[in-house]
Structure formats: C-alpha cells, structure tokens
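Undergrad: Here the protein sequences line up with chains A and B, keeping their order. If you want the numbering used here, it's the position in the first sequence, counting the first as 1, plus 942. If you want the numbering used here, it's the position in the second sequence, counting the first as 1, plus 117.
Any given hint might turn out to be false.
Here are the computed distance ranges between Cβ atoms for each label pair [to be verified]:
#1 B:P280 <-> A:G1016: 32 to 38 Å
#2 A:G1016 <-> B:D283: 34 to 40 Å
#3 A:D999 <-> B:F355: 37 to 43 Å
#4 A:D1058 <-> B:A284: 37 to 43 Å
#5 A:Q950 <-> B:A142: 30 to 36 Å
#6 B:A290 <-> A:S966: 33 to 39 Å
#7 B:T119 <-> A:D1054: 20 to 26 Å
#8 A:E1055 <-> B:F121: 43 to 49 Å
#9 A:E1158 <-> B:F355: 48 to 54 Å
#10 B:N281 <-> A:R1109: 45 to 51 Å
#11 A:G1016 <-> B:F121: 16 to 22 Å
#12 B:P280 <-> A:S1106: 35 to 41 Å
In case anyone wonders, no lab produced these hints; they're calculated from the structure. By construction, the Cβ of each residue, glycine as well, lies at the ideal position given by its N, Cα and C atoms.
The residues making up each chain are set out below.
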Amino acid sequence: MTHAIDVQKLRKRYGDRDAVRDVSFTVDPGEVFCLLGPNGAGKTTTTEILEGYRLADGGTVRVLGHDPAADERGFRERIGIVLQECGVQPDLSVAELVRMYGRYYPHPRPVDELLDLVGLTEKRNSGAKTLSGGQKRRLDLALGLVGDPELLFLDEPTTGFDPSARRAAWATIRDLCALGKTVFLTTHFMDEAQELADRIAVIANGSIVAMGTPDELGGRDTAATEIRFHLPAGLTTADLPSLPSATVSAGEHGVLVRSTEGIAVTNVITGWAIKRRVTLANFSVSQPSLEDMYLRLTADAHATTNEPVGSIR
Amino acid sequence: MTEFSLIVNQVVEEQRSFWRNRTRAVFSFVMPVAFLVLLGAANRNDHIHGGTRYVAFLVPGMLAWGIISTTFNNLAVSGAVLRDTGVLKRLRGTPLPQWVWLTARLASSVLSTAAMVVVVLIVGRVAYGVTVPLHTAGALIAGIAAGTVCFSALGMGIVRIIPNADAAPAVTAGVTLPLLFISGVFSPTTGLPAWLDHLAKFFPIRPLSDLVHVGFGAHLPTGSSLGSEYLTLAIWTFVGVRMLRRFLRRETVAA
C-alpha cells in the first residue's frame, strides 16, 4: 500500500538550531493522524513542510506521492489546508468566498452542500468580516474542503473554542473522517487527539518521542495499573495478603499498589477485604491517562535539552 | 475552468472587494477627483507661467495623481492587508497559480484606473472646458498605460518593505507626497530650483506627470525628450517587479 504521507528523517534548521530533527512517520490513506505536542515543539514547522509552505533542510517528504517542495498545481488540487488564524478577503460574503475558492479546483464541492456541512447556511450572504470567531473557523473548514481534497490538513482546529463549540467541531471532523478522507491533525490538546485520531505521534523539541494508537501510546496499554485505597485504623500494609508482582507503598494519601497484573492483584485485595470484613475507603483502580503519558513524554524531552521551553518557534 | 475565465472571475472578485471597501475606494479613487473640483473651484480664473489657465494644468495633474492613487496606493495598502491577515498564505495553499492572481490584481487595478480617468476627463471637460487635443490623444493613452504598469508593479512590490498593514497608508503617503509637490502634479515645475528639478526626475512620478501633461498638449518645460520619461518609468517598473519577486518568495509569504 502506498502511504498518503511518507516522511523520512526530516530536518529543518532556523539559524543554528534544529526546529525539526530526524522526524520520520507514515500516514495511511483514510487514517486520521495526529501530531501532538506543546507549542514550539515543531508541529507547525513539520506541517508547513508537508503543505509546501516551507522547504526541508534534510530528509525526504512525499505527500500523496508528490514532493511538496515542487509546488505543483496538481498537488494543491488534491489537498485541503485549514490553517490557524488565516484570514479571507474581508469584503466578500461567505458564499462568494466559497464559490471563488472553489473555482481554483477541478472538482469543487457545491457551495450549498458545503455551507450545510459546516453549519453556515444562515450566514451565506454575510460579509466575512462580520463573522464571529467560531463562524470564521467554520468558514476556514469550508474553504479547506471546497476542492474535495483527498488529504486534509487541520492545524489546531479548536484552539480558542469554548467547550461546546469544540464538541461541535469534533463532530464535524468525525463526519469528514467518515467520508474516507485522510486527515493530518495537529493539536496541543490531548483530549482532542484522543477523541479524533487513529494514531498519534507526540513531538517535543523537534523530535518524535512516541507514536501509537491513543490506547497504546507511550506503553500506556502495558503500563502498571495503579490501585489506591485507605486502610482502616489499626491495620498496616503488613496485614495485607502477599501480592505477587506488585509494589506496595503507603503514604499520607493512603496505600498505592502498582502492578502489571492489575486484575489479579485487585482480586486478591478485594477478596481479602471481604473475608476480613475490612472497609477500604476511596478504593480506586486506574490506568495512567493519556495526559499522564503525554506530560511524562514531553517532560523527558525537555529534560534532555538545555534550551528553554518554547524557544523554538 | 480555463485560465482566462479564472482570471476574469478573479478580476470580478478584486473589483467587488475594491468598491465594497469604502475607505479604500474613497481614498484612492474619489480623492483626486475631489481635489480636482476643490482646487479648480478655488483657482478657477488663475493663470500659470506662460499664460495657460491653472485648471488646464490641474486636470492632467490630478489625472497623474489619480493613476498613482488607484494603482500604487491601492495595491500597496490592500497587499499589506492581504499579507498580514494571512490571505496570501491561504491562496498559496490553493491551486490558484500565482501568475493568475497577479494578472488579475493588475487587470483590476487597470480597470479602476480607467474608471478614474474617465471621471477626471468628464469633470475636466464639463466643469472647466479642458479637453484632450486629438493629435496628442495617442500620447496620453501611452503615457497612462506606462504609468499604470509602473505604479502597479511598485504598489505590489513595495509591500515587501511595509512592516505591517497599519503602516501601509503612512508609507505610501510618505513616499508619494513629497514627490507629488515637485513633480508638476499640484503646481508647475517651472519655479523649481535646478537641483530639485533634477532630483524629481530620478523618481517615477515626475515622468508620469510630464507624459500626461504632454498628452493634454503641453510642451515639456525643460524640453527633454519623451524617451527619458519612458526609460525612467521602465527602470522603476523593473524595481517594482524585483521587489515583488522577492516578496513572493515562498518562506516570506509563509512567515
């Protein structure tokens, strides 16, 4: 199978600093791929190289079989780009803009259908400069989709949205995924990546530090389960039954048991508690969250560099 | 869609944007016409050196200013806005060929200029009885065409050195206003000291103004040939195109 996006050992320097270093990944057709990382990690630089806005200093990049640096019209006809904070001609109306941008493509989507998809039908005759922030982002999405692209780039699609607008945007993006489009998403929100992506690459300080499905990212699926509870007064961890393949620690926040055999260990503890008629207050079992993993991964990357966080644009 | 219809459609959108933006339409289009009316009314019966009526000087002067205004000022200000608001970056991400976009910008600026020329000619004739002699009509059209191309190129190119959209009107006024006063637009150049006269001729406003005055039947005050006027405009057109090429380089637009 040919990849929709194939990036090998991508490198980009600004001055004497590597903004992107040895970045490699592939995206399959129909996949929603998310580049997740803090601001300044190299997300936008990587994306803009894939979009043909910037030129790589090293490595190879293929997007839909094209070299984006070649700046071919045929390449641009097959992709759609939704950029952050990119304006439109302010004196034209929503429908005029969608029609105008549609003319640039060989097979534009019908204006009405598109306005319906992004929920701007009622605003079709309004001037672009009268739109609210959320409406502008929906217009951005419409203009990204107007050429009926095979591959859609979404750069931080919900930055600045309130929670309900984010939910609505996610629903729209999921609808797009259902159309079978390949989507390349960048975000610094973990929940957004988890919600939308088939696969996530975490980028920090210009390098990819982890890659996988939201469930397996950073070894989350095989990481130790954490069991927490409080023992009643008079009992100590020494009173617990023997727990194979587990580490037990006690602190002022109660007892923490970590084990890769989460189910078995939980069973032993709860069985012991029921038999001894012991009440275990605040009993909880959890896997490390994607957020825990993300923070650990990006913190590691910062620890290995002496540059201040966010110094790379 | 063929390239030609793409250009035509793009010109329509450019024209829509131009006329809907009242500030821009007023400043670049209405101002020269308004000055023609005001200055003409105030100095209606005056005569300039050589016995010519002032209004016969003023009509070509305002026409020259109008060309600069509808091309240079308009393209520079709107270009800076399109860059700063990210529209250029957005367009760069679409299949619209850059040359189609540039051609449409130029064609739209030619249309606005043509409309302004017609209005100035009508006002000049109706209000002041100033007409274009038949034997110089060709020279007038050639001069207007050369000026339109030169100041369109400069207007699109100067965006490169305009730091931000807010500064654009100040930059365009700053580079044009001093030159307008020494280029035979508001007042004749006959009284200029020789050094100022020579200085003015290095810049493109003076040659355009001289060509338009000649197009209305005036004789060049210093008796220079029209060749040097066209040469100066050609050199500045080249400067504009060079600045434009550098401005449109990929990473400049992306940044």
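Undergrad: Run every hint past the structure and note whether it holds.
TA: Cross-check of the supplied hints:
1. Between P280 of chain B and G1016 of chain A the beta carbons are some 36 Å apart, a value that agrees with the proposed interval 32 to 38 Å.
2. Between G1016 of chain A and D283 of chain B the Cβ separation comes to about 38 Å, which falls inside the hinted range of 34 to 40 Å.
3. A C-beta distance of roughly 33 Å is found between D999 of chain A and F355 of chain B, which places it outside the suggested range of 37 to 43 Å.
4. Between D1058 of chain A and A284 of chain B the beta carbon distance is about 41 Å. The supplied range of 37 to 43 Å therefore holds.
5. Between Q950 of chain A and A142 of chain B the C-beta distance comes to about 52 Å, which lies outside the given range of 30 to 36 Å.
6. Range check, A290 of chain B to S966 of chain A: Cβ separation about 52 Å, and the 33 to 39 Å hint is violated.
7. Against the hinted window of 20 to 26 Å, the Cβ-Cβ separation of T119 of chain B and D1054 of chain A comes to about 25 Å, which satisfies the hint.
8. For the pair E1055 of chain A and F121 of chain B, the supplied restraint of 43 to 49 Å is violated, since their beta-carbon distance comes to about 28 Å.
9. Hint check: E1158 of chain A to F355 of chain B, Cβ distance near 60 Å, so the stated range 48 to 54 Å is violated.
10. Between N281 of chain B and R1109 of chain A, the C-beta spacing of about 36 Å breaks the proposed range 45 to 51 Å.
11. Between G1016 of chain A and F121 of chain B, the C-beta spacing of about 20 Å keeps the proposed range 16 to 22 Å intact.
12. Evaluation of the 35 to 41 Å hint for P280 of chain B and S1106 of chain A yields a pass: the beta carbon distance comes to about 39 Å.
Violation of the numbered hints given earlier is confined to hints 3, 5, 6, 8, 9, 10; the remaining hints are satisfied by the structure.
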